[in-house]
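Enquirer: Each chain is listed here by its residues.
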Amino acid sequence: MIRRLALLVSIAVAAVALVACTGGTSPSPSARTPLVVGLGFIPSVQFAPFYLAEQEGYYADAGLDVTFQFKIDPDLVTLVGQGSIDIGSADGTSVIPAVSQGIPIRYVATIYGSFPSIVFARASSGIAEAADLEGTKLGIPGRFGSSWIMLQALLGSAGLSPDDLAIVEYPDFGQGAAVAQGAVDAATGFANNEPVQLGLSGEEVVVLHVDDTVALPGPGLIAGTATLDAKGDAIRAFVAQTLRAMREIEADPERGLEAAIAAVPELAEQRDAQLAILEATIGVWSGRVTADEGFGAIDRDGWQASVTFMTDLGLVPNAVTVDALVTDAFLPTE
Amino acid sequence: MIRVSAAAPVGLALVVFVAAWKAIVVVGGYPPFILPPPESVAARFVDAWASGVIGPHAAATLVEIALGFAVGAGLALAVGYLLARSVLAERLLSPYLVAAQATPILALAPLLALWFGPGLTSKVVICALIVFFPVAVATMVGIRSVDARLLELARSLRATRRQIVLTLEIPAALPNILGGMRVGVTLAVVGAIVGEWAGAERGLGVLVNLARGSLFDIPLMFATLVTIALVGVALYLVVVLVERRLVGVR
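Chains A and B, in that order, are what the protein sequence lines are.
With the first letter of the first sequence counted as 1, position 83 gets the number 83 in this note's numbering; the numbers rise by one all the way through.
With the first letter of the second sequence counted as 1, position 145 gets the number 145 in this note's numbering; the numbers rise by one all the way through.
Calculated directly from the structure, the hints in this document are not laboratory data.
Among the hints, a few may not be true.
[Said to hold, decoys possible] Stretch by stretch, here's where chain B covers chain A in the computed footprint (C-beta under 8 Å, at least three residues):
1) 73 to 79
2) 89 to 100
3) 141 to 154
4) 170 to 179
Every value quoted in this text rests on a predicted model; they were computed, and no experiment measured them.
Note that beta-carbon positions come from the ideal geometry of N, C-alpha and C, so glycine has one too.
Starting from the given sequences, assemble the full structure and let the hints guide the process.
Expert: As structure tokens, then:
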């Protein structure tokens, strides 16, 4: 009798211990909330925070079952609005016209605190500021998107317009090579890409930023309004873990590089260059607001200025308010 | 009377198409930024033409199509005749012609834009390239189908080479040649749009990208697609009218 009772107690204690041990691990896959995450067109070291968070199990521990999809910005915005993609990385300058056209999305967290689209040139070109672009040949992927908007803002700061220079289009995004070869005097690009590549080739590079002119909103996380209603907690958890990964990569960029290489093995062939791109990317994560309030913080004043600027460009057919564009309700409160 | 009865099926098909489109939107519950309803597209179409948004782009594309078709079809007529009458030419050229046709124009277009620049020339080359094959093949088949006995009769009457070509071979091959041109002219529209996607300041292909990628104006994108389709249909009908005039109703 006593032996039977002892056995039962032992089994009960073991069962309680087993439950306690498993209480701290990830929810079982079937218990996690599925999230489809849309990233940019090509898998890249710039998505290191997402790769790190996924590989380290941050998303799983937060009860999320994350799947990545790679889409170009216009498609991603539309699919997020439709709900086929739960959360995605998209340009702030795409969110404004999209919401103006009735696409139901919200910008929920800033990833790039500074606007990454820039104009760059070889220092030997003599171009040092926006006014120097007058009469030059400038390469651009096309007269659309964030680079086109940025260029108009930058030129406008010097009293210029695109008609004051010769625009050469490179729809295959070869404008970086064009600058290196001297085919154009300057080109649009991203602060964490073309200037870094050109600098690694030994060239001294000049970079013109638009942030001092118009605080255009850089890429961040967007979600559909219906998704925010249905999966708000999951979205909040995803944002928190992504920002956590960003902080860890900022402290240790090599960790981010290793995570990116694990996700995209081809990046290992250009390790040094990819590390340089990642470090430049980390630099662009910081901005006027995120420097004070931390990663993810949304610059409402900048968004308002951008709405005004893009309205003047004719890109906002229906008036929008900042509240209709952004929400900080899904940012970590700590 | 005949014209009205000929137009009736076309009108009916259009009504059915629009009704089906509307039904898909309503039953599927698609939001306007995914699949706008036909009335939104129609309204945007009218508005975009009236406000001058589409017009300049359409004009640029039409110029590319016209020049590209002229160059492509002109070369194709000459090469098609050569392929029909020279076994050596056919053996030498055919592999390269087939390879050029099999290579997707979407993959070639950026290279052509790199070689010929982002201006009109690259669009004309792309259009000509896409028009060339169907017209050349149709010409070759048409010329080869000329009755050998008629050729023999012409030679027995001491007709010159030029007379044989102009009065016998080309008229006999016209149905095939114009059939090839029907295909070619619609492909020229495709070529112009693809050329614009490889780099252009203006054109219906540019407007599609602008509407979708910068403006998120999906009704405008659809209105532009409707314009592209109408351009293709109109050009096809032009070739049909030319065919009826030269060959008669078939």
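Enquirer: It remains to establish, for every hint, whether it holds in the given structure.
Expert: Each hint, compared with the structure:
| no. | hint | verdict |
| --- | --- | --- |
| 1 | 73 to 79 | holds (count 4) |
| 2 | 89 to 100 | holds (count 4) |
| 3 | 141 to 154 | holds (count 5) |
| 4 | 170 to 179 | holds (count 4) |
Going through the hint list in order, the structure satisfies each hint without exception.
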